[in-house]
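S.K.: Construct all of the structure, not just a fragment, from the sequences and the given hints.
Number of protein chains: 4
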Amino acid sequence: MDSSRPLHVLVLNASLKHAPKLSNTEELAQLVLNEMKKHFTIDATIVRLADKNIPVGLGYQESEDDEWPALVAQIKDADIVIFATPVWWGQRSSLLQRAIERMDAFDEEANTGGRSVLLNKVAGVVITGSEDGAQQTLASIMEVMTFMKFTFPPQCCAYWVGEVGKPSSEEREKRLASDATKDMAKTLAYNLVQMALLLREHPLREE
Amino acid sequence: MDSSRPLHVLVLNASLKHAPKLSNTEELAQLVLNEMKKHFTIDATIVRLADKNIPVGLGYQESEDDEWPALVAQIKDADIVIFATPVWWGQRSSLLQRAIERMDAFDEEANTGGRSVLLNKVAGVVITGSEDGAQQTLASIMEVMTFMKFTFPPQCCAYWVGEVGKPSSEEREKRLASDATKDMAKTLAYNLVQMALLLREHPLREE
Amino acid sequence: MDSSRPLHVLVLNASLKHAPKLSNTEELAQLVLNEMKKHFTIDATIVRLADKNIPVGLGYQESEDDEWPALVAQIKDADIVIFATPVWWGQRSSLLQRAIERMDAFDEEANTGGRSVLLNKVAGVVITGSEDGAQQTLASIMEVMTFMKFTFPPQCCAYWVGEVGKPSSEEREKRLASDATKDMAKTLAYNLVQMALLLREHPLREE
Amino acid sequence: MDSSRPLHVLVLNASLKHAPKLSNTEELAQLVLNEMKKHFTIDATIVRLADKNIPVGLGYQESEDDEWPALVAQIKDADIVIFATPVWWGQRSSLLQRAIERMDAFDEEANTGGRSVLLNKVAGVVITGSEDGAQQTLASIMEVMTFMKFTFPPQCCAYWVGEVGKPSSEEREKRLASDATKDMAKTLAYNLVQMALLLREHPLREE
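Chains as they are written, first to last, in my numbering: chain F, 1 to 207; chain A, 1 to 207; chain D, 1 to 207; chain L, 1 to 207.
Some hints here could point you the wrong way.
Any copy, or any two copies together, can satisfy a pair, since identical chains are not distinguished.
As the list claims (entries may be wrong) - Using 25 Å as the maximum straight-line C-alpha spacing, the simulated SDA-like pairs for lysine to any residue come out as follows:
| id | residue 1 | residue 2 |
| --- | --- | --- |
| 1 | Lys182 | Met148 |
| 2 | Lys186 | Arg205 |
| 3 | Lys76 | His39 |
| 4 | Lys21 | Ile54 |
| 5 | Lys166 | His8 |
| 6 | Lys186 | Arg115 |
| 7 | Lys17 | Met148 |
| 8 | Lys38 | Leu199 |
| 9 | Lys182 | Ala70 |
| 10 | Lys21 | Leu33 |
| 11 | Lys182 | Glu170 |
| 12 | Lys38 | Phe147 |
| 13 | Lys76 | Pro167 |
| 14 | Lys37 | Met103 |
| 15 | Lys182 | Ser169 |
| 16 | Lys182 | Ser116 |
| 17 | Lys182 | Val164 |
| 18 | Lys17 | Ile46 |
It should be emphasised that the hints constitute simulated quantities derived from the structure, not laboratory data. Note that the structure is predicted; figures quoted are calculated from it, not measured.
M.R.: The following block contains the structure:
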């Protein structure tokens with residue numbers, strides 16, 4: 001694996017908590033980023049969506065202080081986008097759902113080449129939850145992002161979920177330290193890097 | 001079916017559009033409300049979530065101008081709550097997801113009787129979509145609301161979805177006028193009224 | 001709660017294991033049945049679908065030795081049907097999916113009153129899984145069964161899932177004994193009985 | 001795109017209908033195969049799961065006449081596997097679910113290198129449905145197959161669904177001929193071929 005510039009990695013953290021509050025999801029995403037660095041030089045940015053102003057709507061810019069257009073620029077600049085979300089009642093959080101709704105703007109530009117810019121970007125998924133729903137949340141993200149033209153490498157997800165009825169603070173430490181979690185983070189990191197380098201050197205074409 | 005006071009019906013409309021823009025979802029919800037009136041006197045309120053300030057978070061009140069507490073009061077006052085949402089990429093909208101996240105506040109009060117107040121309320125679901133995903137969206141709402149203690153009558157949903165690749169404005173008229181849509185609206189309306197009256201007269205108890 | 005005859009309860013156990021192998025799902029369903037008996041006299045039958053011959057297809061009877069028609073008779077006789085399934089890769093098992101596909105036969109008879117026979121039956125859900133997916137599995141069952149005309153009482157589900165990477169035999173004992181599991185089983189049992197008695201005395205009508 | 005031997009393509013058709021009955025799903029899969037041939041030489045096999053004896057269970061071979069092991073050999077031989085299924089009540093069919101359950105055998109062999117054999121295989125999805133649920137069905141397949149080590153190229157799915165309340169025979173012709181369906185088939189075909197050739201020349205490694 002050799003190539004000149006670092007891989008650009010963007011983490012969209014859809015935690016419901018504002019910084020600097022600890023985000024379980026960000027902790028796991030950070031673990032994945034650390035593993036990625038073992039394989040290649042990366043240039044990583046974590047965006048906490050809870051601290052951005054992303055109004056409801058379907059346009060490219062919904063208000064003067066709408067921070068979505070800046071996010072679009074960051075997505076366009078990334079080789080790898082990691083969709084990181086907590087599970088809330090079996091689904092991605094409202095913040096990730098909002099970002100997905102706003103990605104329709106890519107669609108509107110499509111006539112003039114809009115979403116094609118997402119081709120050859122690689123997607124990964126990071127999920128944490130209090131007790132259940134990681135796989136469904138993963139499924140629902142993959143389904144959207146494949147139509148958005150992202151490529152999914154094998155084992156494209158790292159997650160942990162706690163045990164029903166247990167305090168999530170205790171679960172957090174236990175799960176983050178578990179072998180299953182660490183293995184998923186390692187494999188995800190390695191596969192994201194491999195696939196991104198592969199597509200950089202041999203980009204897919206649109207028909 | 002006789003009883004004194006009207007049934008209180010609350011529609012949470014999670015359309016991404018602000019009033020007075022036409023909301024497909026609201027149109028269908030209105031059809032259901034009209035059908036309900038044929039069976040019993042109702043007192044209906046439609047809340048367009050896009051026009052409310054409901055910040056991200058998990059507390060009962062997240063900011064001074066947080067409009068969530070007022071919504072909680074409306075939910076508590078309702079006999080029937082209709083969750084009305086468009087489908088965005090296979091899921092309920094970010095606005096409905098936000099409301100669900102905020103309903104965790106009911107949970108926190110649970111020790112002092114919080115969510116018990118939702119027992120004996122009846123839930124219905126109204127969904128519209130550009131092309132696919134109504135049944136999954138329904139599924140994901142039912143799963144949450146059963147744990148929130150709502151009762152679901154038979155055939156608890158009315159929905160329509162358009163055809164992939166077709167302009168949604170054309171699809172809207174066609175679907176809203178279809179027999180399948182009208183039948184679902186009628187059945188939903190009748191079953192919501194029946195069940196709400198039944199639970200008013202014979203409330204379920206908590207163990 | 002007084003009424004003459006026992007409530008008929010049918011458990012469709014969609015475990016992949018043949019009897020007499022221990023089925024985690026059946027164990028949890030049994031816990032629910034035991035709790036139901038504390039509230040009312042029940043007459044319960046557990047059917048292990050893995051031991052039935054239910055061929056693929058959409059007809060009422062697909063072969064001479066097709067055991068589906070006998071199951072239809074049992075469903076028709078039940079006041080309460082408990083859909084009990086393990087989670088396999090985020091979904092209900094192939095056996096429950098098969099039963100759902102075969103329930104289309106109820107649909108075909110619908111012109112002559114077919115699925116109306118399911119009105120006033122109450123549905124409950126019991127789920128066990130090795131690590132994730134209970135809530136999605138619940139969601140997907142509720143969505144089907146509401147259109148089949150079943151009523152869902154509040155908190156209509158009891159489930160447990162194990163921890164990713166842990167041997168399921170160890171997890172089984174731990175989860176079955178957890179307070180969260182026991183509470184769900186109790187609440188489900190009580191609510192199923194309450195709702196079934198209510199609908200027996202005050203049956204819903206079709207419009 | 002140059003390379004010597006043809007790409008091996010395996011279509012697992014999970015239609016509920018036995019051959020030679022027309023399978024909507026197979027028709028659409030065939031459209032995709034035809035498009036693939038425009039880009040590269042392929043060697044395609046369509047297996048109709050309804051005509052195979054695949055008993056319930058989790059072992060590699062569940063009975064003497066179990067046809068699963070032969071399917072495993074076909075999967076191992078494929079460069080591209082297309083998971084083709086109708087939607088039944090919002091989900092993949094019982095036959096695809098059965099195949100997924102049986103793929104656990106790959107898992108059990110994992111210690112001796114089992115599922116690693118799936119690395120560098122590319123997955124595509126083909127779905128048809130009477131009215132709704134394609135995207136959820138796609139989601140649920142992607143989620144499993146990423147953990148099985150398949151790679152998903154961009155826009156990995158072609159599907160059509162009919163309109164609620166309309167006869168499916170009429171809908172079939174209309175949808176199969178629609179531009180949206182044809183575009184999805186073309187793009188899927190092109191992307192599957194591109195990705196399979198890429199991974200043949202530059203295989204991903206396991207960490």
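S.K.: Hint by hint, say whether it matches the structure.
M.R.: Here is how each hint holds up against the structure:
Taking identical chains as interchangeable, the C-alpha atoms of Lys182 and Met148 lie at most 25 Å apart only when they sit on different chains, with a minimum of 18 Å there against 29 Å within one chain. For the identical chains of this complex, Lys186 and Arg205 are inter-copy neighbours only, at 13 Å across copies versus 29 Å inside a copy, given an alpha-carbon limit of 25 Å. Taking the shortest Cα distances, Lys76 and His39 sit within 25 Å of each other inside one copy (23 Å), while across copies they are farther apart (29 Å). In this assembly of identical chains, the alpha carbons of Lys21 and Ile54 lie at most 25 Å apart whether taken from the same copy (20 Å) or from different copies (20 Å).
With identical chains, the CA atoms of Lys166 and His8 are never at most 25 Å apart, being 37 Å at best within one copy and 35 Å at best between copies. Taking CA atoms no more than 25 Å apart as the test, Lys186 paired with Arg115 passes between copies only; the shortest distance there is 18 Å, against 30 Å inside one copy. In this assembly of identical chains, Lys17 and Met148 lie within 25 Å of each other by CA distance solely across copies; the values are 23 Å between and 27 Å within a copy. Proximity of Lys38 to Leu199 under the C-alpha cut-off of 25 Å is found in both arrangements, the shortest distances being 19 Å within a copy and 23 Å between copies.
For the identical chains of this complex, Lys182 and Ala70 are neighbours neither inside a copy (32 Å) nor across copies (35 Å), given an alpha-carbon limit of 25 Å. For the identical chains of this complex, Lys21 and Leu33 are intra-copy neighbours only, at 20 Å inside a copy versus 43 Å across copies, given an alpha-carbon limit of 25 Å. Within a single copy, Lys182 and Glu170 get their C-alpha atoms as close as 17 Å, and across copies as close as 21 Å, so both meet the 25 Å cut-off. Proximity of Lys38 and Phe147 under a CA criterion of 25 Å is satisfied inter-copy only: 22 Å between copies versus 31 Å inside one chain copy.
In this assembly of identical chains, Lys76 and Pro167 lie within 25 Å of each other by CA distance neither inside one copy nor across copies; the values are 39 Å within and 28 Å between. In this homomeric assembly, Lys37 and Met103 never come within 25 Å of each other (Cα to Cα): the closest approach is 29 Å inside a single copy and 33 Å across copies. In the homo-oligomer, the alpha carbons of Lys182 and Ser169 lie at most 25 Å apart both inside one protomer (18 Å) and across protomers (23 Å), since each shortest distance falls under that limit. Taking the shortest Cα distances, Lys182 and Ser116 sit within 25 Å of each other only across copies (19 Å), while inside one copy they are farther apart (34 Å).
For the identical chains of this complex, Lys182 and Val164 are neighbours both inside a copy (21 Å) and across copies (12 Å), given an alpha-carbon limit of 25 Å. Taking identical chains as interchangeable, the C-alpha atoms of Lys17 and Ile46 lie at most 25 Å apart only when both belong to the same chain, with a minimum of 14 Å there against 29 Å between chains.
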